[in-house]
Amino acid sequence: MSTYNFDYLDELEAEAIHILREVAGQFEKPALLFSGGKDSITLVRLAEKAFRPGKFPFPLVHIDTGHNFEETITYRDQMIERIGERLIVGSVQESINQGKVIEQTGKNASRNALQTVTLLDTIAKHQFDACIGGARRDEEKARAKERIFSVRDEFGQWDPKRQRPELWNIYNGKIHKGENVRVFPISNWTELDVWNYIRREKIELPSIYFSHEREVITRNGQLMAASPFLNMDAEDIIFRKQVRFRTVGDMSCTAAVESEATLIDDIISEISESKISERGARLDDKVSEAAMEDRKKGGYF
Amino acid sequence: MNILKFFTAGSVDDGKSTLIGRLLYDTDSILADQLEALQSSNRKNDDGTIDLAILTDGLRAEREQGITIDVAYKYFQTEKRKFIIADTPGHIQYTRNMVTGASTANLAIILIDARNGVVEQTIRHSYLVSLLGIKHIVVCINKMDMVDYSGEVYHSIIGKYKILAQQLKLQDVTYIPVSALKGDNIVQSSERMDWYGGESLLHFLEKVDTDNLDKSQLARMPVQWVIRPQTAELHDYRGYAGRVLSGTFNVNDRVTVLPSGASSTIEKIEFFDQSPDAAHAGQSVTIHLKDDVDISRGDTIVNASALPQESKLIEADLCWMDSRALDTSIMYLIQHNSKTTKCKISEILHKVDINTLEKHAADEFKLNDIGRVILKTADALAFDLYDDNRANGSAILIDSRTNLTVGALMFRAAVE
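Listed in order, the protein sequences are those of chains A and B. The UniProt record's numbering applies: residue 1 is where the first sequence begins, and numbers increase by one. The UniProt record's numbering applies: residue 1 is where the second sequence begins, and numbers increase by one.
Below, in silico cross-link-like pairs of lysine-lysine (DSS-like), each with a Cα-Cα straight-line distance of 30 Å or less:
id, chain 1, residue 1, chain 2, residue 2
1, B, K268, A, K202
2, B, K376, A, K177
3, B, K268, A, K55
4, B, K290, A, K55
A few chain B positions that, by computed beta-carbon distances, are all more than 10 Å from chain A:
id, residue
5, E120
6, L164
7, A165
8, T174
9, D294
10, S329
11, L357
12, A362
Computed, partial: chain A to chain B, Cβ under 7 Å:
id, residue
13, I17
14, R21
15, R137
16, R164
17, E166
18, L167
19, W168
20, I170
21, N172
22, K174
Rather than coming from a laboratory, the hints here were simulated on the basis of the structure. Note that the coordinates shown come from a computational prediction; the quantities given were computed from them, not determined experimentally. Think of the CB as a built atom: it goes at the ideal place given N, C-alpha and C, for glycine as much as any other residue.
Required output: the full structure, derived from the provided sequences and hints.
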């Protein structure tokens, strides 16, 4: 056998492409959930590798909380233009207007929890039978348990006690009408793997991932971007700080980290030395030890 | 740098989750905020130190009951290698979850409690490792601190295990005395067992030969998707997309497409913006053929000079994974790579008592039962034997009433 160079990024990439092609082959109406974060941006590159020069066999779906970083939306629209694929937007604001969800109040109000309803509505409206997402098992311990093909019932719920066995590289995508499958092609990637891949592939990212000066306040010991979406009062003191974002959710639940990292290389060395996990900057995970498990059971990604 | 995927067999009582916790902890893979969550948890060891097992028990029910129910995947890396751990449950009622975790691993760690030695569970776990054809096995004799780090105890246990290994034809077995709780021989070599001349577990894992990819010479690529842009400039473009299961395909190789049997030659291999001369095991590529042959998802492209077996009657080992028992009177679906076809289990040859390894006749197959069956498929499958080619010798059974994955199949022979 001839020798060939096949390192860990090649292996992770080949596995993800295989999973994306299984989705294409097994489902009638799949969709790729695109948040504007680095993980879903990585998925788009993997989809290009899986299906070019053909079109993607699925549209991109963005669940828009209305509390986005402006940079994310600019990036999204430019990317759609470049790849020439279809984008569907599900709006949390619309769900609020329709009375399907009620805006949270108080200092820690966020639209993070509300987006589950919008997601489920969007799935139902377009009858998606599979939704591809960029979640990774290293992010959180409930995610560490989830299958690559994760079957959700009609209500979007994950039942951790009734997961299908998932053997070898064989993915069972058979479902009943009304059910759908969440598919996680980069399950086996770590945060560092994603960054190393972005560097290797020279993938462009929204600017908020890199160090910039911004107006922030301190909330629950974390730096939050000052914005009209954050309920602020007289106690909140706005100051300027050199920061970047390690994950990109909506503005009301994603904390910034102090950083001077302006290049991908800087970010990679910053993460390698970091003593705080990626989701440590997500207030939505801090509610309780089982916060993620409970949200997944309720239909969250 | 490459990846080693391993799984751990043992129960919480053997210190399995503690061992994984120790590997993560001592390689600095646990970050400050995760550590903080650990410190604030109510579960502590008797001496007040943090219970490392909480790191892997991700579900509320698991933390409540102090057991592992489902596979959890954990990731860490050293300067030498990346590791993916499948932390699998050891209790007999979760055998199917252990099989799930083991199916993608290339190394198994079997834990033995030094106080108890080789027990029923050790036999069961070792049998599953042999059934799934895991190449490398590390037997960790754990809780050495509880037996005064005694070399005698250790040697007596491995003496017994060697008999079992011979019986199961396990090839590559390594033995390491450890204490996961105290950290002996996990990352650092222990000073408390100078009679042991070998390496620590981590050092062994860092250098063991990884054959993540099947080294089989049999070139196989199941077609997952046909790329046909049908645009003006790419009017005749027709690419067969798939992942090479095993072997190597080169441009100009003669290939056969199964099940049709049509022959052609590889015109071009594509990978996104590259056109490599060859596609190797593990790579996801797009293949173009010189001739216009009818190919769709579920077909397999193989090297014309090394054909797989083709049969509608196959002898296979079956691990039953559903609470609803096997029904030999109904039709199931079998999924073999990208192909799905109807099938029936036409005969149960025997069942194995996985605690004693005895084979006996059976007419029923229930949750976690393992044995040999003959299956009859609607369309012929193009397969290799599991021991020759894991990727093309395995399949799953799906119950079309529930859509659940109900069985894992390892092909052992084509029935003439």
